[in-house]
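Peer 1: In case you want the letters, here they are:
Protein chains: 4
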Amino acid sequence: MHIAADSDAASRYVAVRAATEALALPLSAEDCCVQPMPDASPTKWHLAHTSWFFETFILEAYEPGFRAFDPAFRVLFNSYYQGVGQQYPRPRRGLLTRPSLATVLAYRADVDARMRQLLGRADLLDEAPALAALLELGLQHEQQHQELILTDILYLLWCNPLWPAYSERWAAPAPGSEAPAWQRFEGGLVEIGHKGAGFAFDNELPRHTVYLQPCELATGLVTNADYLAFMADGGYCDPAHWLAEGWDWRRDQQINHPLYWRQEGQGWSEFTLAGSRPLAPQQAVAHLSYYEADAYARWAEARLPTEAEWEAASAAPGAALQQLFGTLWQWTQSSYAPYPGFATALGAVGEYNGKFMVNQYVLRGSSCATPAGHARASYRNFFPAAARWQFTGLRLARDVK
Amino acid sequence: MHIAADSDAASRYVAVRAATEALALPLSAEDCCVQPMPDASPTKWHLAHTSWFFETFILEAYEPGFRAFDPAFRVLFNSYYQGVGQQYPRPRRGLLTRPSLATVLAYRADVDARMRQLLGRADLLDEAPALAALLELGLQHEQQHQELILTDILYLLWCNPLWPAYSERWAAPAPGSEAPAWQRFEGGLVEIGHKGAGFAFDNELPRHTVYLQPCELATGLVTNADYLAFMADGGYCDPAHWLAEGWDWRRDQQINHPLYWRQEGQGWSEFTLAGSRPLAPQQAVAHLSYYEADAYARWAEARLPTEAEWEAASAAPGAALQQLFGTLWQWTQSSYAPYPGFATALGAVGEYNGKFMVNQYVLRGSSCATPAGHARASYRNFFPAAARWQFTGLRLARDVK
Amino acid sequence: MHIAADSDAASRYVAVRAATEALALPLSAEDCCVQPMPDASPTKWHLAHTSWFFETFILEAYEPGFRAFDPAFRVLFNSYYQGVGQQYPRPRRGLLTRPSLATVLAYRADVDARMRQLLGRADLLDEAPALAALLELGLQHEQQHQELILTDILYLLWCNPLWPAYSERWAAPAPGSEAPAWQRFEGGLVEIGHKGAGFAFDNELPRHTVYLQPCELATGLVTNADYLAFMADGGYCDPAHWLAEGWDWRRDQQINHPLYWRQEGQGWSEFTLAGSRPLAPQQAVAHLSYYEADAYARWAEARLPTEAEWEAASAAPGAALQQLFGTLWQWTQSSYAPYPGFATALGAVGEYNGKFMVNQYVLRGSSCATPAGHARASYRNFFPAAARWQFTGLRLARDVK
Amino acid sequence: MHIAADSDAASRYVAVRAATEALALPLSAEDCCVQPMPDASPTKWHLAHTSWFFETFILEAYEPGFRAFDPAFRVLFNSYYQGVGQQYPRPRRGLLTRPSLATVLAYRADVDARMRQLLGRADLLDEAPALAALLELGLQHEQQHQELILTDILYLLWCNPLWPAYSERWAAPAPGSEAPAWQRFEGGLVEIGHKGAGFAFDNELPRHTVYLQPCELATGLVTNADYLAFMADGGYCDPAHWLAEGWDWRRDQQINHPLYWRQEGQGWSEFTLAGSRPLAPQQAVAHLSYYEADAYARWAEARLPTEAEWEAASAAPGAALQQLFGTLWQWTQSSYAPYPGFATALGAVGEYNGKFMVNQYVLRGSSCATPAGHARASYRNFFPAAARWQFTGLRLARDVK
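Chains as they are written, first to last, in the working numbering: chain A, 1 to 401; chain B, 1001 to 1401; chain C, 2001 to 2401; chain D, 3001 to 3401.
In short, the hints are calculated from the structure, not lab data. All C-beta atoms, glycine included, are put in the ideal place defined by N, C-alpha and C. Among these hints, one or two may not hold up.
[To be verified] Computed Cβ-Cβ distance ranges for the label pairs, DEER-style:
1) B:Gln1253 x D:Ala3061: 52 to 60 Å
2) A:Pro38 x D:Arg3184: 22 to 30 Å
3) D:Lys3401 x A:Leu189: 19 to 27 Å
4) B:Gly1347 x C:Gly2267: 33 to 41 Å
5) C:Gln2144 x D:Gly3065: 35 to 43 Å
6) B:Tyr1080 x A:Ala174: 41 to 49 Å
7) C:Arg2092 x D:Asp3248: 22 to 30 Å
8) D:Gly3085 x C:Gln2253: 40 to 48 Å
Whole structure, please, built from the sequences with the hints as guidance.
Peer 2: Next up, the structure:
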C-alpha cells in the first residue's frame, strides 16, 4: 500500500476532512440526527464515526499522552469493530440526540487539531509506515462515508412527505453521450485486482489471473427510458424474469418501480438530492436492487456482467465503455468473496472488509456521489441484493454465441 | 360543559400555550425531533399537533377568511382523526426533520395570534357555545400533551447511554407523609362520573349509580422499598403472582425490574427527568406496567382497586387517602369502557375518547407530570397493560372478608 | 360446588368421556394431528390433555400406587398449569406425531379404567369432597374441550383448499323463530353470578349485586341478512363505525367479511362443519371478532350488552329473549375481570380461570357446538377481541333514552 | 443429455419410484403429514409432488386422452413452477390433512400405471427425445426428494421431545479410514462442469475453463473431535472467527453447537435417523451452517474450498481425497451462480435451477442420505448460509504460501 509523501499528507487530511463537513452544510441539526432505517445512519453519526476512526486507530496508538475526547464515544461511534470492543446498536443510532451536532463538530475539530500536530512531526510517516497506511485508510474510509452521507440523507428526505431538497444545486450526472452498443471482449487469461503503488483496499488484493469466456458488454448504462419499456411490458408482473427470491421480495414489499420514482398523472417523477424532478428518459436508471437489475437483464435477453468481466473490459485497449465511473455503481452477478490468497490486516482494522463476504453482491465503477479520485477499476463495492438506497444502476452483458 | 368567562378565555389560552413551550426550553432541536418508539412522539410533533387542533377544529370553522398556515400540516399533524382525513403514520413521526423546530414554533405563533384575534371578538364565546366548548377542549387537550412531552422525552433520554438529564432542577414528588394503612369504605350505592359545571371529558359522563361491595384501600402508594421486597422475594420469577399474559410479556421482554431502574453495584439507581438518581426507598414506585402492578398486588395478598372504588373512596367524607393527585397515575383493574349512556360528540372531535375503549386499563389520580389543575376525581386516564413509560404507580385495595 | 350423587358419578364420567371420542370419529389420524395456528390445538392434543387432567389432578392424588401412563406426558399435555411444572410450547403441539393417535386413545382407555376403578370405591366421593369437586371440574373441563375440538377442526379444514366437511350431517342451528324486537329491562339492583347447588366455575362467583341502568336488548341475534346490509353499506370501509384498534386490525389483516365467508359469483357461501354451504340469510351471523361485533352495533345505532345486562335479562320474568343458548356465543362489552370477592382455588387447579383476566372479553350464552347441559345463565366464556374461530355472534343492546 | 436405453427406462422408473415409497415405510400417516418448519416439507407432500412432476410434465403432454387424477392437485403439489400456474403456499403444506396418505399413495399408483403404459410403447423414447429427457429429469428429481424426505423427517422427529427414531437400523457413514492430511493441487487452467453422455442438471453446464491458483485440500472431512476442539477453544464466543452476518445469526438464534447435538452430563449426544446416539468423535461433523463451517475454517487457519477447487481436486490424477461422496455434502465458499453460457430449458421446467441462483452457497459431493448413483463430481447442491437441517459438513482448504 502506497501513501502520499509526507509533505502532502497533512494537506490531504485537511482537504478530505473539510469535504465531509461541507456535505453537512445544507442540513439542520435535526436533519443530521434522524435515522430513517437501520441501514442508513444519521449524518451526525457519520461525522463522529469517521473521527472515531482516526482517534481510535491512529491517535490512541501514536499520540503522546493520548486522552480520549470523550471515553463514551469509544462505544457510541464504533461501527462494527469487535476488536475495539462493544458497539452501540446500529438500529439505534438515530436516538442519540446527545452528543449534539455542535459537540460532534467540536469532536471533529479536536481530532483534526491533534492529527495535524501528529502529522507535523518530521519524518513520522517515513518512520512509521503502519501509521502512513492507517492514515490513508482513514481518509479512504472517510470518503466512503461521504458517499453514505448523501445516500442516507436522500433516503431520509424522501421519507418526508414534503420532499425537501438536499440542495437545489445538486446536478444529476450527464446521460451517456452516444447511442448504446455492444462491445465485444475476447476473454482468455486476464489479470484482475489492484496493481501498482497507489492505495487499494485489502479486498482488491491480491492481483490474480482469471480465465474469461468471450462476452459482450453494453457501452452505456440502462436508461430510464429503457426501464420504462420493461415496466410497460409488465416486467414487474411476470415471474419468468425474476429470481425466485426477487419475486417474493417484490411481492412482499409491493414493489413495482424503482425506489425513488413516483407516478404523477401520466408521467413519472424521481426524488433526487435536488428534490422531486420529472423523470429524465436518457439518464441512467438509478436506485435498483440486484433483483430488479437482474430481472431487467433477463427481460432484455442479457445478463449482469461478472466483476472480472467488468474489470477486464474497463482495462481493455480500445474499449469504448462509457459511464464506467461517476454515474452509478453497477451491479455485477458476482457474490462478494475473497480473492485467491486474500488476507486481512492484523488487529481490529482487519475487520474492515473480510467479515462481510457473504450474501452480498459486488458493484463496480462509482457513482455521482462518490468523491473524486476515490474509485478505480479494481474497486469492489458491495451491498445485499435488496439494497436500493445506494446510487445503483446496471450495465448489461451477454454471452457470445 | 362549562367554560371560563369570556374575559378570562384569552388569558387562559395564552397561559396554557406558553406552558407547553416552556417545557421545550431545556431541549435542543435534535431532542425535539427524534421518536424513540412508536408510542412516544417527538416534542416537535406535540408542539405542532396541539396547534393543529386549534387550527383545525376552531380556526377552520370560525376564523373569517381562514387560510391554513401550511396545507400539508393537515395530514402531518393529524394524530388519529379519521373524520379530518388522512394521517401521517404515527411510527414515522420522528422522520419529520422538516418542518424544522423553528418553523413549528412559527406555526404556534401564527395560530396563537389568530386565536387571540378570534377570542378578542366581544361576546363571541357567549354567542357560540360550541366554540367555547372546543376552546376548552383544546386547552385540556394541550395539557394532556404537556404531560406526554415529559413522558416521551424521558423515554428518549433514557435510550441514550449518556443518560442526559432533561433538567437538573426537576424535583421528584414528595413521599407520602404518613405510615401506610388500610382505609375501609362501606360501598353500597354510590355515584361516579363528573358532576357540576366544570370541564370534563366525554368519557367521564354521564354521572351514574354503581353498587359497590365494601373494601379497603391503602392510604398511600406502594413505595420503592415495598417493591424491592417483592423483587427480593423472587416476585419476577414466580408465575403464581402473574397474569398469564403478564408472565409471557415479562419473559419475552426479559423484564425483571421497573422500566427506569438500573442496578449499580449493590444498589439501584433510577433514571428521572433530573438524570440518574439513587433509588429513594420511600418514594412511590413508578413506571410499572399493569402486569407488574397486578403481580405486586397478588404477592401482597391484595388487588388493584376498580375505578369506581377509587373514585368513590376519593370522595368519601373523612377519607384519609394520600397521594391521590400529583404523584403517580394509579392503575385500576377496570378496563376502559363506556359509562352507561355514554355518547360521543358529533363530528371528528367525537373520536377523542370513545374509539379507544378496548384493551386498555383505566388509571386514576394524576402524576407529578400532570399540569396543575388538569385532573380531578372523575378523570379517566387509560393505557394498554404493557405501557411503562408513563408516570404509573399503584395503590392497593382488598376485599373486606 | 355441588356434584352428582355417588351412584351417578361413574356413569356420568363414562358418558362425557365417550362423547369426546365420538367427536373424533369422523377424523383421520392426520386430521387429529395437525395444528393450523397457535390458538387452535390438534384433536389428538385435546384427547390427551383432557386425560392428563384426570391423571394429574385426581389419579396422582387419590389412586393407590399411582404410576403415570407415560411420565413424558406430564409435560407434553400440560396446557398452562405452572404449578404442575413445565409445559410443551403451545405453538408446537402440532409437531407431536408421536405419541400416535392410537397411543393417545390407549392413554384415554387406561385413564378411564383407573378412574372407573377409583370411582367404584364405595363412599369415596362422600368422604373426599375435594375429589368430588375435582371430578366435576374435570368433566366440565372435558366438555369445554369438546367444543374446542369442533372449533379447531373447523379452522383446520377451512385452511385446506379442498374444503372437506367434518361431517355432512352437521346441522346448523335453527334461525330465530320470531321477528326481532327490542325488549326493555328496567335495571336497578340485580344479582348476578352463580346461585344454587349446581356446578359453576370459580369465575362465576361470588354472586353479587350490581346496579344497572334501564336498557333494551334485542330478542334475537343479528342475522346474516342483517350483516350483509352492514357490508353493503360499506361497513368494513368506514372508520366511523370502528374502534381504533379494530380498524387497524381490519386493515392489517385485510378483513372485509366474516371469517368463513367466501364470495361466489354474486352470492356468498359459508364454510361450516358440514362443508361449504350457501349463506343462509336468516341464520345468526357467526365467527365475528369483538371488533366486528362492535362495529356492526355502532352502525346499527346500538351497542353490545354488558355481561350483567345479559345475565339479568336472561333471568328476567317475562323475558322474551330467544337464542340465548345453543346458537352462538354472544360478545358482551365487558372485559373479563374478577367478580368482587373472587378467589381462586388452592394449588395448580387455581390457575384455571383467574390468570386469564386481562385483555379478553366475555361472551355469554352458548353455541351450537357447546355440549348439552354444559352452559347456564351465569356462564362466562372469554376470548381476545380478535378471535374469530369460535362460534361467536352478537345480540344488540341499547340505552333507553 | 443422455438417457437410458428404451428397454431399461421402465424398470429404472419402477425402481426409483419404489425406493421413494420404501423411505416412507417406517412412518405413520401422522409422521407423513406434519411440517415442522417452512423449509421442511411433509413426507406426504414429497410423495405427491414427485408424482405431480411426472403427471404434469410427461403425462399431460404425452398421454393420449390425458385426464388429471385430481385437478386440484395441479395447484396443491406444484412446488414453485410459475409456468404451470398457482402454487399452494409452501409454509402451509403441513395443513393438508386431506388428501390423506392413502389417497396420495393411490395417486402414486395411478401415475405409475399410466407411466408404465406410456413407457411400454415401442420406440417412444427414441422418437421423442424430449420425453426421454423429461423422464430422466423426473427420476433425478425424485431422487433429490428422496434425500429431502430423510432430512425433513429427521428435523420433524428431532422437534419431538420424545426423540423417536426414524429407523433403529439407520447406519451412520463410516469415519475416514486414514489420518487426515493436506493434499496439494497445482491449479492452472482446468475444466469444470459436466462432461460426457450421462445425465446432468442444467446448472452443471456448460463445461468450461477456469484458472485456479495452487491450493491444498484436506484429504478428509472435519470430525466431531475436531469440532469439539473448536468449541472448547471458545469458537462460538469469539467474533474474530465469524463472518459478521454469521455472528449475528449465532447471537440471534442462540446457537452454540451443531443442530442435532445435545449436552448430556459431561458428554454430547447427537440426534440421528437412528435416534439419539452418543457423539462419535471420529465421524464427520454434520448439520453445520455455512456460517459455522466458515468460522471453523478460520479458527483452523484454513478456508472453505471453492467449488472449482473441489471439482478439479476430485478429478485430479493421484488424488487421495476421501469422503468425497456418501458421507456429507461439503460447503464451498462459492455462491451459487450460473456457469458462463448457462441457459435454462424452455418452459416451466426451465425454472428447475436457474431462478435460485442468488444468496445460496454451493455444496459438493453427496451425503449418506443421497441415493446411490445420484451424485457425481460436477453435481452442484445449494442451500442458504443458515441452513443446517441438511447433511452438511466441511472439508478444509488453504492457500499455498
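Peer 1: Indicate, hint by hint, whether the structure satisfies it.
Peer 2: Quick rundown of the hints versus the structure:
Against the hinted window of 52 to 60 Å, the Cβ-Cβ separation of glutamine 1253 of chain B and alanine 3061 of chain D comes to about 57 Å, which satisfies the hint. Separated by about 45 Å at the C-beta atoms, proline 38 of chain A and arginine 3184 of chain D break the suggested range of 22 to 30 Å. Distance hint check for lysine 3401 of chain D and leucine 189 of chain A: the Cβ-Cβ separation is about 23 Å, which falls inside the suggested range of 19 to 27 Å. For glycine 1347 of chain B and glycine 2267 of chain C, the hinted distance range of 33 to 41 Å is satisfied, since their beta carbons lie about 37 Å from each other.
The supplied range of 35 to 43 Å is broken by glutamine 2144 of chain C and glycine 3065 of chain D, whose beta-carbon atoms lie about 54 Å from each other. Between tyrosine 1080 of chain B and alanine 174 of chain A, the C-beta spacing of about 47 Å keeps the proposed range 41 to 49 Å intact. The hint said 22 to 30 Å for the Cβ distance between arginine 2092 of chain C and aspartate 3248 of chain D, and at roughly 25 Å that hint holds. Taking the beta carbon of each, glycine 3085 of chain D and glutamine 2253 of chain C are about 26 Å apart, not inside 40 to 48 Å as hinted.
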